[in-house]
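Residue numbers (the working numbering), protein chains in the order written: chain C, 1 to 214; chain R, 1 to 214.
The reader is advised that the hints may include incorrect statements.
Unchecked claim - Listed below are several chain C residues computed to face chain R (Cβ distance under 8 Å; list not exhaustive):
1) D98
2) A101
3) T112
4) Q160
5) A171
6) R189
To be verified - Rough simulated footprint, nothing fancy, chain C against chain R, three-plus residues with beta-carbon under 8 Å:
7) 23-30
8) 77-83
9) 98-112
10) 183-197
Said to hold, decoys possible - What follows is a list of derived Cβ distance ranges for each label pair:
11) R:E15 / C:T55: 39 to 47 Å
12) R:S102 / C:H193: 32 to 40 Å
13) C:K56 / R:N150: 49 to 57 Å
14) R:P124 / C:E15: 51 to 59 Å
Hints in this document: simulated from the structure, not taken from any laboratory. Note that beta-carbon positions come from the ideal geometry of N, C-alpha and C, so glycine has one too.
Number of protein chains: 2
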Amino acid sequence: MSPRRSIAEARRTRETIERHATDLATTIGLEGLSIGRLALDLGMSKAGVIGHFGTKEALQLAVIETAVETFVERVWAPAAAAAPGRSRLEALCDAWLDYLASDELQGGCFLTAAACEFDGRPGPVREAIATAVRAWLQVLAAEAATAIANGEIAGASPEQVAFELNALTQAANQAQQLLDDPTAFDRARRAMHRLLGEQLAASPRGAAPPRRRD
Amino acid sequence: MSPRRSIAEARRTRETIERHATDLATTIGLEGLSIGRLALDLGMSKAGVIGHFGTKEALQLAVIETAVETFVERVWAPAAAAAPGRSRLEALCDAWLDYLASDELQGGCFLTAAACEFDGRPGPVREAIATAVRAWLQVLAAEAATAIANGEIAGASPEQVAFELNALTQAANQAQQLLDDPTAFDRARRAMHRLLGEQLAASPRGAAPPRRRD
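Make a model of the complete structure from these sequences and hints.
This is the structure we're talking about:
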């Protein structure tokens with residue numbers, strides 16, 4: 001086997017492990033991931049699995065990175081072409097809820113589950129999860145800031161908008177995963193569009209100053 | 001020892017175990033609870049701990065019941081005297097956020113953590129958690145229905161209001177627990193009071209029909 005082929009195969013194997021581990025983690029938790037279970041599921045030796053990561057913590061960090069990359073592909077990419085500001089925020093919210101409701105995420109939102117699991121356990125895994133959540137809230141807040149600057153959402157602080165949009169997806173995720181409630185994503189979508197839209201409805205054609213939202 | 005005294009002592013011991021197990025569970029998870037750890041922490045024998053519950057699952061169910069009782073004491077009781085409808089909903093939201101922000105809940109919201117941990121694991125523990133969350137959403141929806149009937153919140157469906165209030169506390173809990181964000185509870189409180197109040201602000205003195213919220 002040529003060195004180049006060998007490196008490419010190692011990368012493919014590593015990606016296969018990461019993808020399966022990410023799926024598993026939403027159901028059994030990041031801490032529940034075991035090298036033995038992954039090896040069994042993938043028909044590999046334990047040494048073959050651990051050789052790609054070194055430690056369980058390195059595997060957990062790789063799983064978080066994979067989940068974030070997939071999130072960016074599924075949620076940011078479809079909305080990237082929308083006009084910055086309210087249009088893109090709406091596109092992001094739609095893609096976000098579509099992704100959470102998809103068959104791909106049988107175990108629900110990876111980051112919400114990981115956050116619940118690790119928020120009380122200091123260390124690099126908790127930090128990686130917090131960094132990912134903060135980065136996403138900043139993406140939402142940046143779009144909200146543009147929407148405010150464009151006069152599309154008046155009076156709201158960008159961070160408050162990001163906080164509330166994030167809240168609605170967390171509740172939809174809980175309703176779907178714990179309560180088997182099929183209306184959850186519709187409820188969240190309705191509230192998101194109201195949050196992003198009602199300001200303008202309240203002051204048609206700029207006739208009156210928009211009310212403060214927060 | 002008289003039989004009566006013996007029964008009372010057994011009850012006190014059981015309550016001590018339940019309270020400690022509930023505190024522990026918000027940090028290490030319901031599944032992470034071990035008879036050995038509880039025995040060590042409380043200076044008891046393992047047999048002494050397990051004798052009160054029989055199985056680990058029975059211990060987990062007892063912990064959920066304890067957490068629900070405490071929640072009712074801390075959140076429902078302070079709001080019970082408020083007038084049904086919007087006043088009581090506001091009082092419930094304030095007591096809820098105060099409880100989540102209190103030093104008592106170092107590990108954050110017990111039910112949110114338990115829901116994340118067990119939503120993918122069918123069985124009596126998942127059912128007990130789902131029953132508790134559903135019951136709380138029904139309490140909120142019933143108050144919202146009264147507020148709508150009183151004309152205090154117009155146009156919103158009671159279930160949508162309950163969903164959104166629950167969403168805001170989940171996000172505040174995540175922000176506090178994962179992101180160490182001290183503004184989280186204020187953000188949630190602001191959004192809750194806006195959600196419950198802006199309808200009336202939008203139609204002063206009944207001059208115009210309130211806008212639909214959902």
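So, as I understand it, the hint says A101 (chain C) touches chain R; can you test that by seeing if any CB pair is closer than 8 Å? Violated: closest Cβ of chain R sits about 15 Å from A101 (chain C), beyond 8 Å.
Under 8 Å, Cβ to Cβ, is where T112 (chain C) needs to be relative to chain R, so tell me if that hint holds or is violated. 7 Å, holds
So does P124 (chain R) sit 51 to 59 Å from E15 (chain C), Cβ to Cβ? With a Cβ separation near 38 Å, P124 (chain R) and E15 (chain C) fall outside 51 to 59 Å, so the hint is violated.
Can we keep the Q160 (chain C) interface hint, with Cβ of chain R closer than 8 Å? Status holds, d = 6 Å.
Look at the Cβ atoms of S102 (chain R) and H193 (chain C) and judge whether their distance stays inside 32 to 40 Å. Given a distance of about 35 Å, which is inside 32 to 40 Å, the answer is holds.
Verdict on chain C covering the segment 98-112 of chain R, criterion of 3 CB contacts below 8 Å: Holds, because 3 residues of the segment 98-112 of chain R bring their Cβ atoms closer than 8 Å to Cβ atoms of chain C.
A range of 49 to 57 Å was offered for this pair. Does it hold for the Cβ distance of K56 (chain C) and N150 (chain R)? 56 Å, holds
Taking 8 Å as the limit, does the beta-carbon of A171 (chain C) come near enough to a beta-carbon in chain R? Holds: closest Cβ of chain R sits about 3 Å from A171 (chain C), inside 8 Å.
Go check the segment 23-30 of chain R versus chain C for me, would you? Three or more residues, Cβ under 8 Å, otherwise it fails. holds (count 4)
Assertion that chain C covers the segment 183-197 of chain R - criterion: three or more residues, beta-carbon distance below 8 Å: holds (count 7)
If you take the shortest Cβ to Cβ gap from R189 (chain C) to chain R, is it below 8 Å? With Cβ-Cβ at 10 Å, over 8 Å, it is violated.
Is it true that E15 (chain R) and T55 (chain C) lie within 39 to 47 Å of each other by Cβ? Since E15 (chain R) and T55 (chain C) have Cβ atoms about 41 Å apart, the given range 39 to 47 Å holds.
The structure fails hints 1, 2, 6, 8 and 14 (numbered hints given earlier, in ascending order).
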